[in-house]
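Novice: Using the sequences provided together with the hints, build the complete structure.
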Amino acid sequence: MSSKFSLAVDIGGTFTDFVLLDHQQRVVLTDKVLTTPHSPERAILQGVEKLSQRIALDLRSADLFLHATTIITNAVIERKGSDFILLHTAGFRDLLEIGREHRYNLTDLKLRFPDPVGRRDLRLAVDERVSAAGEVARAPDKAALMAQLIALAERHDVRSFAVCFLHSYRNAANEEIVRDWIREAFPNAYVSCSAAVAPTQREYERWTTCTINAYTMPLLADYVGRLRLALAEGGFAGRALMMTSSGLPLEFDRCVGYPIRMIESGPAAGVLAAQEIAARIDLPQPVAGDAAVRLSNVLAFDMGGTTAKGAFLTHGAFHVQRSLEVARVGTFQPGSGLPLMIPAIDLIEIGAGGGSIATIDDRGAIAVGPSSAGADPGPACYDRGGTAATLTDANVALGYLSEENFANSGIVVQRSRAQAVIQSLADRLGTSLERVARGIRETVNENVARAFRVHAGELGIDYRRYALVCTGGSAPLHAAEIARTLSIKTVAFPFGAGVSSAFGLFVGREGLTLQKTNALRLDTLPAGRVSAEVRALIEGDANARALAAAGADVVLTLGMHYVGQGYEIDVGIDDIATCDSATIREAFHRAYRAVFGVIFPDYVIEIFNWTVQIMVRDKLCDLSRFRYANAGTTTRKIKAPRRILDTGTGEAAELAVYDRYALRPGDTIEGGALIEENDTTIYLPRFARGTVTESFDILADIRSRR
Amino acid sequence: MQEKLDPIDAGIIWSRFVSIADEMVSALVRTSFSTMVRESGDYSCMLFDAKGRFLSQGTASVPSFTGTGPATLSGMLEHIPADTLADGDVLLTNDPWIGTGHVYDVNIVKPIFRNGRLVAYALSVSHLADIGGIGYGTGARDNYEEGICIPPVKLFVRGEPNKFVFDLIEANVRFRDLVIGDIYSNVAACNVAAAAIDDLLAEYGLVDTVGAADAIFDLTRNAISEVLRTLPCGKVAGSLSVEGVQDDALINLAVQISISPERFTFDFTGTSPVVNRGINVPLCYTRAYCYFTFKTIVAPNIPNNQAVLDFVTIAAPDNCILNAKRPYATGGRHILGHYVAPLVFGALADVVPMQVQADSGMICQINFRGRSPQGRDYSYILFTSGGYGAFADLDGRPVLPGPSNMIGIPVEIWEENTGITFLRKEWRVDSGGAGTFQGGAGQVVELRNDTDAPVDAAFFASRTSRPARGFAGGIDGALRVLSLDGAAVAPKSRRDVTPGSVIVLEEAGGGGFGPPERRTLARIRADLDAGLTSLEYVRSHYPAQARALETEMADRS
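Protein chains in written order, with the working numbering: chain A, 1 to 706; chain B, 707 to 1263.
Hints should not be assumed to be uniformly reliable.
Unchecked claim - As a list, the in silico SDA-like pairs of lysine to any residue whose alpha-carbon atoms are at most 25 angstroms apart:
| no. | chain 1 | residue 1 | chain 2 | residue 2 |
| --- | --- | --- | --- | --- |
| 1 | B | 860 | B | 878 |
| 2 | B | 869 | A | 603 |
| 3 | A | 110 | B | 965 |
| 4 | B | 869 | B | 859 |
| 5 | A | 110 | B | 765 |
| 6 | A | 110 | B | 1235 |
Derived by calculation from the structure, the hints in this document are not laboratory data.
Specialist: Next up, the structure:
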């Protein structure tokens, strides 16, 4: 049967987004419904219903169901996971509470820290030990251990287990034998072993990752079961895949053992969307050979209601990091959350969005975010009880956002409410409403730019050579100014930016990412060792084995350092089969010099971390010949002009206002303009000039300040 | 951009200065060769304006270095005047009285030039694996024994390395790779700052950092003055008796603090004199902890800068132990220097009861020198934290450093690099001081030398005869106990740890806050459930609540 539809669904905190591909018409449809937190699959069915009113959608004729969800992240933040028994190396009972013995804020002495997941009375010390070199110094005793374990499990009726031993990343034998004993005693048990979940050095981080996996595994298994049932009832008989944090989707059944891999699935899909959008944009005539790299080096910038996110794509590829933090208690402060050692698309997250609240801080200056008015009560201009001034209020007060355009997305706003709350801040600062509103915008722009700058520094990236691709409802209003602050010359405003994560699900390459710590010195590295290590890593994972057997691509990135250093820089290996110590050494020195400006030719180099991506050659869907259903559907390009205050100069200016749905490829828009769509507004300042591309995206040139 | 920056612009540029210092920290940590820097956070990065005024610090920096930094820069510029500096120069010193109070920290300064004009300075500081002499410890009789002291010198001249200085250092230190590598990581951090400052000035059309600094300092002064106006004026005093080199050689620390809307003045008259071992504290280090406590009380959420520090003045008699002069030995100056924080909190307990913290169990340091299982010679510090002191409204957290802020090294990284095995690392049950809010528990750490050669261990321990004090009726925390193969170890001593020998550290508990009678049943029950306290502890410190709990349990069963 030739398929007719593919459906992608991204469940976010407020909205569940849908993107539907109609393969026969070659049309992309987008839609949204409110999320139903208690049974997320209900919103999915509602959305399918809503779409089928627009088009003859029948799940029986759908070949693909693609999914991204916040269910795992929310379970960790809201502590809605399941009880599990933690088996740990004897002598380290309190390791998860002790953590790294560090105050993440130097002068705020009364700090809060996140509690580990899981109950302290469900911990069991195991008399075992693996040495730092990976030798089994003491094997666990089956009879003694299992007697205690079975009693504990029976007493509390718990069938979920986390096995966390020291140095298991070097040798997992003790963890594996205990796992087998548990399966023998409880055939239906959920078991997470730290070396299988996160085979990397640093016990606090690895054990924390493993416990969160154990904590959420029953929940994911249950959710996937219900979702499968709901889809089956609708007649769906195609393949169903879920996006992982590392940007590679996996079939549902292959996900359930590793819920932590799903923790950033929505944002990961969003980065893929930016990647696809950058690739589809037909550049204007290349300028001095610059254009060839312009849109392959991309800074994917997303800003919605509460957070902004950024990810760098270099030569079209995203960076995969080895760890991230969830459930931060100290409002975005690094160190205040639970660390997860998992492969994840490298994203920087900032507490800045339309709902971010502006205050006058202890310095007497304006601060915006990270606290947010959220969707409820929302910004003051929504007039739903919100009394705090938000970024959206500043944008409404200044006139960037209009009451009329909000009405298009079904929200009633009152500009007078926005002006009132901003005026009260202005009174306290002894300045004008306009100055404060501009200050709020500028502060957010700076916060976002600064986070990107620091993050680029960590990655050793010269961000000025990147193009900004902006998605999410709030980003297009700020992207041009942020780009200018960063000396970025090009900004892309994609069509359909409001549901970008769902869109990005289609362009993932099915696969998975394996990571491992395995220290090998380059000076004694035998030829062929690297490819042997990669083969062994793939052999050790059933999913990876299956994908590789089917001919998937294998991409290797080595985390390397000089012996003695504790942090690695990523070195991509082009040819795994032929690489040797000389080529790897050269690649390392090239990368090290690029980041730090110096190398140490006579120091010994070590390969430390291994990242192997195994992915199917083709994307799940080829979107190159699809068009958006609502692009170019209206005819009146220009709406009434609007007077606003320019953020940069503070002078009043008259802005032209355009209807995006009326713009056609080849149209140009001079800066000093607003372009309105249903759920977002683009601001092109006077230093920007936009061109509509064949794909209906808008590409803007930003004139630099110097 | 307008001539005079308004508060909104100043706020934005201020944030940028902080983020530049954060970028420096990132480069430093990622390139460092020693576990003290990369795992335990023994470093600081700072920016200064063209006049040498302190602009910002990395968010993750230890308190002491942040306080010593401004004097470090001015001390270096006294030796090498600003008008003799050129683009590409990099300065270095480890002089304890100019730098951070002991020779083991290297201070690297880079003057930042733009269009031929000196526009700012970057400073990066980190603890080196070695600096020669008898090695890191408290045993030296004078500063000359402690290692090579390098007065301010140009490490790079117009971008070219000063070969003599590098040769001098290489000729004097053990672990040359670790030391030279770490000096370079400080230079890398400064280079990052130089590029970022150039971008910032271009973007805002500024000629240098001075105008922005003025605007930021104005904002800072206003904010702090507002807080100071709410405090009662007057004088308070405090004193504290702490262990010297030996448990029974007590040292008295005394402070008088005068508070006015214009400033805090700290006077350490009455403090005991210097001793002939390496626990003396140069004034720069004492001053650093005055800054730190002032800031935690008055302005915890304002990024640190010169205008904050200018509210503090300090006086201490020459050669009292908190103002040691050359050539007294200062290797372990932090042991006593850290006490400035609890000394000040104690003195201010009645003035700002909500802001002060009961005493913390503090950090124990052991500097290990040996040969790793891979055959590498090493010198690494193990930092282990005691319990955190309680507040008027918050329990002290178990196993958290205060006032210093080192980071615990992962067991797996420590064992791999040293061959010293952790047999145990767990909460020390019942070690926190009782109180309405309870002091944090310490931890028990057991270490075994699993290499085949003796390891040299230098101990820097406190709270072995003087516990972390409880405040406002709260009870003291448990004392720190150190042993080697079952026999007591003197808190500031150096020992050979033979293969197979076991060190046990029982880390000190933090002090409680408020009378124990007022601790709620819910908190007591939660601690019992978590295994943080035993029923015996509850019975002895919270007898009334214990009876209520036991009645409750009897009713339930």
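Novice: Quick one, are residue 110 (chain A) and residue 765 (chain B) close enough, alpha carbons at most 25 angstroms?
Specialist: holds, 16 angstroms
Novice: Would you check the hint for residue 110 (chain A) and residue 1235 (chain B), treating anything up to 25 angstroms between C-alpha atoms as holding?
Specialist: Distance ~24 angstroms between residue 110 (chain A) and residue 1235 (chain B) Cα, so the pair holds.
Novice: Need the status of pair residue 860 (chain B), residue 878 (chain B): alpha-carbon distance at most 25 angstroms?
Specialist: With a Cα-Cα distance of about 18 angstroms, the restraint between residue 860 (chain B) and residue 878 (chain B) holds, given a limit of 25 angstroms.
Novice: Run the distance test for residue 869 (chain B) versus residue 859 (chain B): straight-line Cα separation, threshold 25 angstroms.
Specialist: holds, 12 angstroms
Novice: Quick one, are residue 869 (chain B) and residue 603 (chain A) close enough, alpha carbons at most 25 angstroms?
Specialist: Within the cut-off at roughly 19 angstroms; holds.
Novice: Quick one, are residue 110 (chain A) and residue 965 (chain B) close enough, alpha carbons at most 25 angstroms?
Specialist: Between residue 110 (chain A) and residue 965 (chain B) the Cα gap is close to 23 angstroms, so the pair holds against 25 angstroms.
Consistency with the previously given hints is maintained throughout, with no hint failing.
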